[in-house]
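Colleague: Listed below are the residues making up each chain.
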Amino acid sequence: MKPFDYAAPVNLDHSLRALARGRGTRALAGGTDLLALMKARVASPDVLLNVKQLRDLSRDIALDERGASLGALVTLADIELDPAIAQAFPALAQAAASAATPQLRNMATLGGTLLQRPRCWYFRSERFECWLKGGTECHARHGENQFHAVFDTGCCRAVHPSDVACALSALKAEIELRGSHGPRRLAIGEFFDPPREGRRVETVLRDDELVVAVHVPRPAPGSRSIYLKAMDRAAWAFALVSVAACLRMDEDRVAELELVLGGVATVPWPVGEALRHLVGKPLAARAIAEAARGALAGAEPLRMNAYKLPLAQALIRRALHSLAGSASEAVSLAPELHRGPP
Amino acid sequence: MQTLVRPSDTHASGSDPGLDPYHATSAAGRIEGPDKVSGRARYSADVRLPGMLWAKILRSPHAHARIHDIDTGAAAALPGVHAVLCYRNAPDIPWYDHGRLFDRTVRFAGDEVAAVAADSEATAEEALRAIRVTYEPLPCVLDMASALAPGAPAIHGTSNRAGDPAIEQRGNPRRGLREAELIIDRVYTTQVALHNALEPHGCVALWQDERLTLYASTQGVNTLRCEVADKLSIPERQVRVVTEHMGGGFGAKQVAWKHDVIAALLARESARPVHLMLDRHAENLATGNRNATRQHLRIGAKRDGTLTTITARIEIQIGAYRAGGETSSVDGIYHSLYACRNVRTEQAVVYTNTGPAVAFRAPGYVEGNFALESALDELARALNIDPIELRLRNYAETDQRRRKPYTSPDSLRRTYARVSEAFGWRRYVRSVDSGPKRRGIGFAAHDWVGGGGSPPGKVRLTLVPPGRFRLESAAQDIGTGTRTALAQVCAQALGVDIATLDIALGDSNLQLASPTSAGSATLATLAPAIHGAADQVRKRVLQAAAELLLEPAQALELRTGRVVANSGRELSLRSLCEHLGRRTITAIGKRAANRRSQSIRTCGAQCVEVEVDIETGEVRVVRVVASHDCGRIVNRHLVASQVMGGVMQGIGFALTEARVVDPRSGVVLNANLEDYKLPTVADTPVIIHAALDLADTEANVAGVKGIGEPPIIPTAAAIANAIFDAVGVRLYNTPFSVCGMLEKLSGPPHARMCDNDEPR
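Here the protein sequences come in this chain order: A and B. With our numbering as the guide, the letters of the first sequence map in order to residues 1 to 342. With our numbering as the guide, the letters of the second sequence map in order to residues 1001 to 1760.
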């Protein structure tokens, strides 16, 4: 990696001032993403600012009747293992538990997971000048794109890697930022914004800002949430597709439903329109299947990733059936199953 | 999820435990275990020498290019840089079939271009980045289809076919096809898999005067010594190779790679010791891989299951170069596993602009076995014959290739019985298919040409004061437990406690011919030699004791630490050593040739249970039962550990492992352990080693055969067959990814089970 200076500021204000001073300064917390980017020379900061030791940057989880506040330095392991989180926000705990490995979850912070860069192998390889790094093309579009986005949000076809971000999106979290010019608080759907010309990054975070906390509103009584993730091995893999869903039933009718897909776009991908017609009605198998199909409307899969469409639909159906309390219904995609010896 | 690994089935079936010579020590722990878990064990990367430099290699970013110029001036001028090598200043050393150590043409992304040695890793890396190379990119071919297309750019000479196809035939395959009442005619493909041993390749090179020492991670200290001496044009006796401990090789460390010689050249150039270990990225580009294959297989059979013909046209993707070492014989298993009169294979080797292939645990057999055993399963289904019964009906009683009887003709049959019993094959009750997760079971058998061992193999055994024995072999322990197994064989052959034995391994300076750890050969080669050495040493110890005890040597017995006479008198080995004074008792044991009249094979079978999620395409291996014939079991933990490791590597090959190459640039996109997906602990099923302890005394006096390679061979086919059993989807292409599974599961109804109406 490129040589760099290291700084350990004493408090948040010093950190923010240091960030404001130069574009070459990057905040380091768990380091599970940034250090890998530096080794791959995708990121080459001049100064690393260690924010992990800051006393006024929170590493606590606080719950009250309004919801949960999680400090930026809370680790994924903290989220995974907090019983109150597991009870109030199952999707969040499940997402944290499904990410990476125990070792990585012990290091990775909440702030970092929201800000982690795509795992796209073209983006991560020094060999390719991809658009996201300032080049002119997305190599995945005509390359090996089995793990890439099925929704087209602009030039880049990488997917957002964070499980936790997906769950927080379904839970309508708000992201609290602090910059040298003061604080601001954004709905998570505003915080994530597909990279575009002039801002080739997945969030609207400014160079002189830090994520300081995440606030998750307590869902209305009776709400249930779930996070499901399909992987190509049982652990330590980013989602092929994931789904975070939060449902509240009023008697036997849908009162509220939020559903966000992971692994399908450059940012967590809320499914809005396709679900709207479910509200106010009972959650029947046919309606669920229809909604699942509708959720993928507008997808433009590439040469190798069309499998993500049936996969996403299956996860959506499974999530909704599970939240509705019915056992996951086998919707057989398979042909007549063979039965023979032995 | 249940992730339980059972170390081993209760105990081996086969020989009576009471007659098992290794019974007392068969569960012995690894001799080097405490050193390894405490960090004392020294691997090549741990070697530190005074004044040592750190070396790195610059690799081609292009899949195919001509180097016009290299400017190393800026790199050489960096403070701390001691040597820079490239084609301009390095000796012109021939390498591979047609290339050079530093070639002006690079033929895969990762090919060696230049190297530096500096006083820190960071400086070495900085120096690499300061080297300016001017490339003229050339058109490249990245897969076999494009390499064989008309007008494709040739990587060497005029064609991308590496020589003529290897053709092997017996009987009349055409007649066999005519006689068939049912034909399975399928094309199978297998992917490029990467070895990813825990320890990467590399070495530390030290020159003392004209003598070179390489502390190398190698599967063959003597082979490496010979190859490095040859490349450097110096006498073999001036090269010493030391391999104290290794973190695996899986076949990829059985040849000298360019980095071995580059380390030596940098050390000579800088007059300093040089540390050159590859990082994971380089490891996955340039130190070999399992060749991809395309296999067009036709099997003909009678309605009763009798095979009338087996034919296969095979193409092997060798990559940019022939790296040497064990050849990949995808064709081998077609000729041996089943009794069949009419067999023909045609195996072609194809160059592509990708990293060179090299032997990978049972090279060729893993690939061939997937196709053959998938086809056998398909045949069994079509004929409505139990898959194990079909295999029994075509049991090969003799080695049809060499026309010889096997030393253990029944052992394959016994693995069938053992594995099906331990698995509950016939008793298996399928869970009711209610949810999206469907279970199924699959079976696959295998044989393997290796495991018999062969000369040369020498060991030295010495009685050393104050009465201990010292066993020496140049052979290396690549992580399999060779050190422990050899000590057990020696202690048993002498009749002494293993604690009174010292063992020295992994040093070519011991001047003992030794096998490369390949072909599952190490134990089967050295154990008989140890028996020879032990017989000689025991005899001489007893003779010497006889003189002192004034008893006839025949009346004496060697025991731990002493010699005991029938009369009850005894002499401690300590006293014997004192009396011997400067005289030593030492003997060399030599591995005799195997009998020419018989053929040695290893073989086995596995049963697998899988669970397939028909909505998400996810496949989970639930349970594997494995039974393999490795002759007498010397150490059941070490055997079980090979079986489990092989099964896990087989699961990776079947489900998730594949090198991914960018189709335009030829760059490997997943040369790391994050994107190259090895199975994790969470993917580990219950693995039961249904041990068979069948001393093969026809094979050699010790009755032992190898177990390193066999356990990986049948796993992929058994999984494929289990997936078919679960969901009725037949898989012809490894690995069985979520993507591929979903395509199949949501595709049209599964293809016809066999092509029995194909025109004859």
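Worth flagging that the hints you see were computed from the coordinates, not collected in a lab. Fair warning: there could be bad hints in the mix.
Unchecked claim - Computed from the model, here is a short list of chain A residues facing chain B with C-beta under 7 Å:
1. 121
2. 135
3. 136
4. 137
5. 143
6. 144
7. 155
8. 233
9. 234
10. 240
11. 298
12. 301
13. 303
14. 307
15. 311
To be verified - Here are some chain A residues pointing at chain B (derived, C-beta under 8 Å):
16. 28
17. 86
18. 87
19. 125
20. 129
21. 151
22. 235
23. 237
Said to hold, decoys possible - Far from chain B, some chain A residues (derived; all Cβ distances over 12 Å):
24. 126
25. 196
26. 312
The beta-carbon is built from N, C-alpha and C at its ideal position, and this holds for glycine as well.
Colleague: Are the hints correct? Go through all of them and say.
Modeller: Tested hints:
Given hint, residue 121 (chain A) at the interface with chain B, holds; its Cβ is 4 Å from that chain's nearest Cβ, closer than 7 Å. For residue 135 (chain A), the interface hint is violated, since its Cβ never comes within 7 Å of a Cβ in chain B; the closest pair sits about 13 Å apart. With a cut of 7 Å, the hint placing residue 136 (chain A) at the interface with chain B is violated, because the nearest CB-to-CB distance is about 15 Å. With a cut of 7 Å, the hint placing residue 137 (chain A) at the interface with chain B is violated, because the nearest CB-to-CB distance is about 11 Å.
Annotation: interface hint on residue 143 (chain A) holds; nearest CB of chain B at approximately 5 Å, less than 7 Å. Nearest Cβ of chain B to the Cβ of residue 144 (chain A): about 5 Å, under the 7 Å cut. The hint holds. About 17 Å separates the beta-carbon of residue 155 (chain A) from the nearest beta-carbon of chain B, more than 7 Å, and the hint is not met. Interface restraint check: residue 233 (chain A) against chain B, minimum CB-CB distance 5 Å, threshold 7 Å, status holds.
Contact between residue 234 (chain A) and chain B, as hinted, is supported at the beta carbon level, the nearest pair being about 4 Å apart and thus within 7 Å. Given the 7 Å rule on beta carbons, the hint for residue 240 (chain A) holds: about 6 Å separates it from the nearest Cβ of chain B. For residue 298 (chain A), the suggested interface contact is broken, since its CB lies about 20 Å from the closest CB of chain B, more than 7 Å. Of the supplied interface hints, the one on residue 301 (chain A) is violated, with its beta-carbon coming no nearer than about 11 Å to a beta-carbon of chain B, more than 7 Å.
Checking residue 303 (chain A) against chain B by beta carbon gives a least distance of about 10 Å; that is not within 7 Å, so the hint is violated. Among the interface hints, the one on residue 307 (chain A) holds; its C-beta lies about 4 Å from the nearest C-beta in chain B, closer than the 7 Å criterion. Checking residue 311 (chain A) against chain B: minimum C-beta separation of about 6 Å stays under 7 Å; hint holds. Checking residue 28 (chain A) against chain B by beta carbon gives a least distance of about 19 Å; that is not within 8 Å, so the hint is violated.
Because the beta carbon of residue 86 (chain A) sits about 19 Å from the nearest beta carbon in chain B, more than 8 Å, this interface hint is broken. At about 23 Å, the closest approach between the beta carbon of residue 87 (chain A) and any beta carbon in chain B exceeds 8 Å, and the interface hint on this residue is violated. Look at residue 125 (chain A): its Cβ gets to within about 7 Å of chain B, closer than 8 Å, so that hint holds up. Proximity of residue 129 (chain A) to chain B is violated relative to the hint, the smallest CB-CB distance being about 12 Å (cut-off 8 Å).
Of the supplied interface hints, the one on residue 151 (chain A) is violated, with its beta-carbon coming no nearer than about 18 Å to a beta-carbon of chain B, more than 8 Å. Hint status for residue 235 (chain A) relative to chain B: holds, with the closest Cβ pair at about 4 Å, below 8 Å. With a least beta-carbon distance of about 7 Å to chain B, the hint placing residue 237 (chain A) at the interface is held under the 8 Å criterion. Not every CB of chain B is more than 12 Å from the CB of residue 126 (chain A) (nearest about 9 Å), against its label as outside the interface.
Once the 12 Å rule is applied to beta carbons, residue 196 (chain A) is consistent with being away from chain B; the minimum gap is 25 Å. A beta-carbon of chain B is positioned within 12 Å of the beta-carbon of residue 312 (chain A); the least distance is around 10 Å.
Hint compliance for this structure: hints 2, 3, 4, 7, 11, 12, 13, 16, 17, 18, 20, 21, 24 and 26 are broken, all remaining hints hold.
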